[in-house]
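Number of protein chains: 6
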Amino acid sequence: MTGPIVVINPNSNQAVTDGLDHALAGFRGAARIECVTLAEGPFGIESQRHVDQVALPLSALIETRPDAAAFVIACYSDPGIDLCRATAKVPVFGIQESGVLTALARGDRFGIFAIAEASIPRHLRYMRRMGVDHRLAGERALNMSVDESARGEGTLARLTEVGQDLIGDGADVLILGCAGMARHRVPLQAALKRPVIDPTQAAVAMAMGAVLA
Amino acid sequence: MTGPIVVINPNSNQAVTDGLDHALAGFRGAARIECVTLAEGPFGIESQRHVDQVALPLSALIETRPDAAAFVIACYSDPGIDLCRATAKVPVFGIQESGVLTALARGDRFGIFAIAEASIPRHLRYMRRMGVDHRLAGERALNMSVDESARGEGTLARLTEVGQDLIGDGADVLILGCAGMARHRVPLQAALKRPVIDPTQAAVAMAMGAVLA
Amino acid sequence: MTGPIVVINPNSNQAVTDGLDHALAGFRGAARIECVTLAEGPFGIESQRHVDQVALPLSALIETRPDAAAFVIACYSDPGIDLCRATAKVPVFGIQESGVLTALARGDRFGIFAIAEASIPRHLRYMRRMGVDHRLAGERALNMSVDESARGEGTLARLTEVGQDLIGDGADVLILGCAGMARHRVPLQAALKRPVIDPTQAAVAMAMGAVLA
Amino acid sequence: MTGPIVVINPNSNQAVTDGLDHALAGFRGAARIECVTLAEGPFGIESQRHVDQVALPLSALIETRPDAAAFVIACYSDPGIDLCRATAKVPVFGIQESGVLTALARGDRFGIFAIAEASIPRHLRYMRRMGVDHRLAGERALNMSVDESARGEGTLARLTEVGQDLIGDGADVLILGCAGMARHRVPLQAALKRPVIDPTQAAVAMAMGAVLA
Amino acid sequence: MTGPIVVINPNSNQAVTDGLDHALAGFRGAARIECVTLAEGPFGIESQRHVDQVALPLSALIETRPDAAAFVIACYSDPGIDLCRATAKVPVFGIQESGVLTALARGDRFGIFAIAEASIPRHLRYMRRMGVDHRLAGERALNMSVDESARGEGTLARLTEVGQDLIGDGADVLILGCAGMARHRVPLQAALKRPVIDPTQAAVAMAMGAVLA
Amino acid sequence: MTGPIVVINPNSNQAVTDGLDHALAGFRGAARIECVTLAEGPFGIESQRHVDQVALPLSALIETRPDAAAFVIACYSDPGIDLCRATAKVPVFGIQESGVLTALARGDRFGIFAIAEASIPRHLRYMRRMGVDHRLAGERALNMSVDESARGEGTLARLTEVGQDLIGDGADVLILGCAGMARHRVPLQAALKRPVIDPTQAAVAMAMGAVLA
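Residue numbers (our numbering), protein chains in the order written: chain B, 6 to 218; chain H, 6 to 218; chain C, 6 to 218; chain A, 6 to 218; chain E, 6 to 218; chain Y, 6 to 218.
A portion of the hints provided could be inaccurate.
Listed next, the in silico DSS-like pairs over lysine-lysine satisfying Cα-Cα at most 25 angstroms (straight line) [unchecked claim]: (1) H/K198 to B/K94; (2) A/K198 to C/K94; (3) E/K198 to Y/K94.
A short, non-exhaustive set of chain E residues, derived as facing chain A with CB atoms under 8 angstroms [said to hold, decoys possible]: (4) D57; (5) L61; (6) A65; (7) D87; (8) R133.
Hints are computed from structural coordinates only; laboratory data are not their basis. Glycine included, each C-beta is placed from N, C-alpha and C at the ideal position.
I would like the entire structure built from these sequences, with the hints used as guidance.
Structure representation (structure tokens):
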């Protein structure tokens with residue numbers, strides 16, 4: 006396949022897109038990976054309204070990219086995933102789905118770092134829909150702003166602390182429940198001595214499996 | 006990471022290893038992938054005894070490769086997976102587990118092509134252990150020898166016929182339940198108009214996700 | 006409570022709204038029930054795109070009705086249900102969810118009449134999210150147009166025939182998987198000798214439970 | 006339909022029946038609702054023996070009411086539900102079943118107030134039979150006598166306290182696990198800021214859906 | 006332990022009790038086993054009413070036997086099981102529960118021979134309550150009278166034929182869903198080449214495990 | 006049946022075999038029971054490697070005993086269970102599987118005493134494979150050596166303490182998760198006032214059911 010894997014950041018914050026681009030650098034040898042910003046997206050996807058409002062724009066963006074070999078929707082709520090799949094003629098991966106499925110290959114029970122308390126029920130409904138919620142050990146909120154979580158010096162310390170709680174809940178593998186925390190993956194893995202999954206990397210890896218084979 | 010992804014063929018048939026090597030050619034840009042044969046393996050893994058007898062040799066092979074960044078056990082019965090994970094200091098992927106998890110990102114209910122009737126209950130127990138058997142639409146045997154399935158001209162026709170039955174069972178994504186049928190993936194996908202998963206490719210993609218990030 | 010139960014037809018076909026109004030006549034003694042049309046809706050909701058495109062307009066309509074005691078979204082795909090619940094300060098009922106839950110009180114395993122084959126996977130994902138798919142005996146498509154299904158003389162005969170198949174699948178209670186087939190409920194019940202659930206009536210009954218008490 | 010919905014209090018305490026009658030006042034506009042006492046019942050249903058001893062008398066009572074359009078068995082243990090269904094020619098609703106199903110339309114994970122510790126395992130078996138126990142956040146006992154729970158001034162305070170614990174368990178909707186606590190529903194809902202389900206009201210609403218349509 | 010295992014036939018047909026006595030002859034070396042008839046039982050337990058009407062008499066009988074080391078309720082509907090457990094100070098085993106659990110140790114998916122079509126939904130509810138219905142391959146009715154099934158020459162032929170259907174459903178172990186078919190177990194096992202479980206023998210074995218240890 | 010039930014201790018510690026022999030004394034009236042040691046086994050089975058290394062020797066031992074009527078693999082990890090079943094022409098029981106299934110007939114939710122923390126994930130995977138993990142209340146480690154657990158005076162006190170925690174987790178029946186703690190069963194049962202299952206006794210009882218009938 007010659008087309009790129011198009012990773013769509015459904016929010017309009019270009020800094021997040023740039024972060025995705027950086028986090029995927031290691032994957033670039035075998036496949037072309039292009040990170041794009043959904044101009045119509047909100048600055049951050051933090052509510053059910055944000056989730057629902059990007060479905061149609063995501064689908065529209067997909068229609069402008071007939072050259073893509075696969076798409077990744079890079080927001081942990083997997084907004085518009087069903088519509089994007091109905092629209093695209095190529096595989097579409099959601100990062101929550103890919104992150105959770107990948108975690109199931111790395112441990113028995115997974116734990117999730119959520120940015121905000123409010124998104125936990127939304128994630129739980131989605132995991133029930135996947136039929137894998139019985140392997141969830143726990144999900145806990147960092148209670149930081151997205152901005153803070155992506156940059157703040159205190160983030161790794163907070164992740165480590167919440168990660169210990171998730172391990173106490175029974176988790177033996179952990180998922181960063183947000184598109185923008187990839188840079189904490191390796192140090193957090195070292196601190197917790199457990200695999201840590203960045204969901205965008207997980208989705209891109211699955212996309213590579215679909216398009217390179 | 007600089008070490009290779011080591012894909013182990015747990016049977017001693019070098020032709021199968023060569024086939025794996027060929028099937029993974031597309032993945033070679035971003036990661037080093039090395040396919041090795043388990044010298045102590047039986048010529049084919051066709052029974053529970055074969056499954057159990059390779060566990061310790063697989064673990065021993067893993068100990069000889071401290072340079073590996075990840076391992077893939079390339080037999081659809083995922084032999085020795087628990088021991089290999091206890092042995093290795095790096096991630097270990099089984100191709101059944103990876104193939105099934107990947108299928109869950111490509112469709113709602115999956116169907117499986119088994120080589121032989123006798124392996125179906127073994128696979129079912131394993132999927133129950135994963136906790137995803139409720140998304141299985143059906144598994145059907147090709148009733149061909151492994152040899153035949155890898156080479157025979159009639160194989161694609163047989164796969165297409167059984168694939169139609171699996172679609173009739175409710176499957177919207179299909180898994181090749183064997184390490185040696187990758188070359189049928191693309192034509193079968195075209196014939197059935199449904200995604201077809203090669204489990205070794207799925208496992209290697211997951212391994213890339215773990216080591217490249 | 007003094008406000009009305011507002012039943013929203015998310016498509017723009019006023020005839021469907023009128024049909025809902027007629028089907029709910031029997032409920033009017035104890036509660037005010039108002040059936041409204043979503044002007045921005047498509048003429049019929051027949052695809053994932055239709056489902057996604059009405060979410061925001063439904064939410065907007067809800068905001069214009071602070072007087073409502075409860076809302077019912079009268080389309081079997083339960084479009085925009087999560088957003089409507091996030092928007093409304095009063096209970097919101099989806100007719101698929103209410104229809105399925107009500108069926109669980111009337112039989113052990115339920116069967117569903119879908120209008121079109123294409124909506125079956127969408128329904129299945131939603132039932133998995135509810136966690137009740139293990140009590141589904143089967144869902145079968147009528148393969149009629151919505152228009153035909155609502156009016157055609159042949160509809161009852163077709164429902165009876167498909168209903169027999171669903172009973173053969175193990176169903177002891179049946180759900181009309183569409184907002185517009187209420188008038189077939191009583192004769193179909195007589196023909197099949199099994200309870201038949203109209204999902205809009207089921208949702209309105211639940212809404213009455215929430216607001217009258 | 007012209008017959009009444011007959012709500013049967015399976016214990017012989019007329020005060021409980023009168024309480025039911027009062028709690029259902031709001032439903033009387035659209036349907037006739039008649040609350041009756043099972044003369045043969047124990048004064049309260051507090052043990053497995055009580056549950057089993059009312060099954061045949063309930064069935065006998067049902068046979069004396071060929072005029073009924075539906076029955077509601079108003080005890081949270083749903084005593085004799087299978088026999089009553091085999092006996093009646095019209096729909097029969099149990100309040101536990103109806104209460105739990107209704108809760109599933111109001112929240113993601115439900116919590117239950119039990120009167121006594123001893124009934125919790127009985128309820129759990131019944132929810133497993135329904136196949137919805139995986140959505141139970143928790144059940145906690147008030148550890149009050151039925152009498153106290155129905156009248157005592159401290160009851161609302163106790164319910165509020167236990168309700169906070171259930172919310173801590175993950176519940177976002179709560180069920181009063183007894184036929185006699187309806188009068189606490191509205192104030193408790195206000196105190197906890199979560200929907201509270203009275204199971205008898207839930208069952209009568211479902212019965213209305215079955216008979217009015 | 007010195008008391009007997011008391012096996013109660015909840016119907017009043019002494020010939021069934023004698024049959025149980027005969028079927029348990031092989032177990033008599035290590036434990037005293039006493040088979041008794043519930044005088045108050047119906048001649049056969051064939052309906053939900055029969056199931057419910059024996060609960061209290063079974064409990065009363067249990068109270069007359071303080072010498073028993075354990076009880077077995079020898080009817081496949083496990084009538085009164087919860088009450089008998091609440092009454093007895095020693096373990097009580099139901100034959101459906103014991104038969105199904107034992108089957109899970111002998112195969113992956115079990116099939117059941119029911120005497121009559123009408124009891125299948127009752128059994129299914131009970132297996133859901135146990136939480137093991139996902140391992141059920143199928144249940145099929147013999148459609149013979151109990152009398153016929155216990156004696157008739159055609160019974161083995163009929164069992165063999167239905168057994169082949171159950172194997173076709175995916176069953177690799179079979180359960181005789183009735184207390185009176187033990188004498189067909191060994192020949193049926195030979196005919197089907199699959200383990201066949203007599204549920205009374207399974208329950209008595211479990212009872213021996215509880216009392217001999 | 007005339008052959009013995011052969012109980013195999015898969016570790017090479019003869020004292021454990023003697024303990025099994027002692028624990029099964031009560032079962033000897035009705036069946037011959039022979040306890041044998043797997044000479045090739047490790048001194049104790051404490052890791053995944055130990056589990057995997059005994060599979061082939063267990064199968065070989067089984068082949069030397071064509072006289073056996075049934076086999077019991079007396080290690081709580083059920084090592085080699087699939088291979089032993091493929092090898093033997095008679096029933097094979099694993100003690101974890103038998104212990105858990107037996108517990109399901111004695112209570113609603115079971116708790117498990119593990120010897121070591123490290124075996125808990127292994128047990129959990131196996132219970133998921135059985136499909137009964139949803140009835141697990143909890144598993145807690147004694148954190149004693151096997152040696153200590155079998156003899157030490159403090160063992161009963163430690164079991165009682167951990168048992169109280171398991172009851173706090175919701176367990177109403179408890180399983181000794183090891184082949185060597187049978188002698189604590191009766192006193193522990195008295196201390197905790199809950200049924201306690203010795204898994205080897207449970208497996209031998211099931212084996213008796215299979216061979217005596």
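Hints, one by one, checked against the model:
1. Simply put, H/K198 and B/K94 have alpha-carbon atoms about 11 angstroms apart, close enough for the 25 angstroms limit, and the pair holds.
2. Using a Cα cut-off of 25 angstroms, the hinted pair A/K198 and C/K94 holds, with the two alpha carbons roughly 11 angstroms apart.
3. Straight-line distance between C-alpha atoms of E/K198 and Y/K94 comes to about 11 angstroms, which keeps the hinted pair within the 25 angstroms bound.
4. Nearest Cβ of chain A to the Cβ of E/D57: about 4 angstroms, under the 8 angstroms cut. The hint holds.
5. About 6 angstroms separates the beta-carbon of E/L61 from the nearest beta-carbon of chain A, less than 8 angstroms, and the hint is met.
6. A distance limit of 8 angstroms between C-beta atoms decides the matter here; for E/A65 the minimum to chain A is near 11 angstroms, and the interface restraint is violated.
7. With a least beta-carbon distance of about 5 angstroms to chain A, the hint placing E/D87 at the interface is held under the 8 angstroms criterion.
8. Interface restraint check for E/R133: the shortest CB-CB distance to chain A comes to about 5 angstroms, inside 8 angstroms, so the restraint holds.
In this structure, the one hint that does not hold is number 6.
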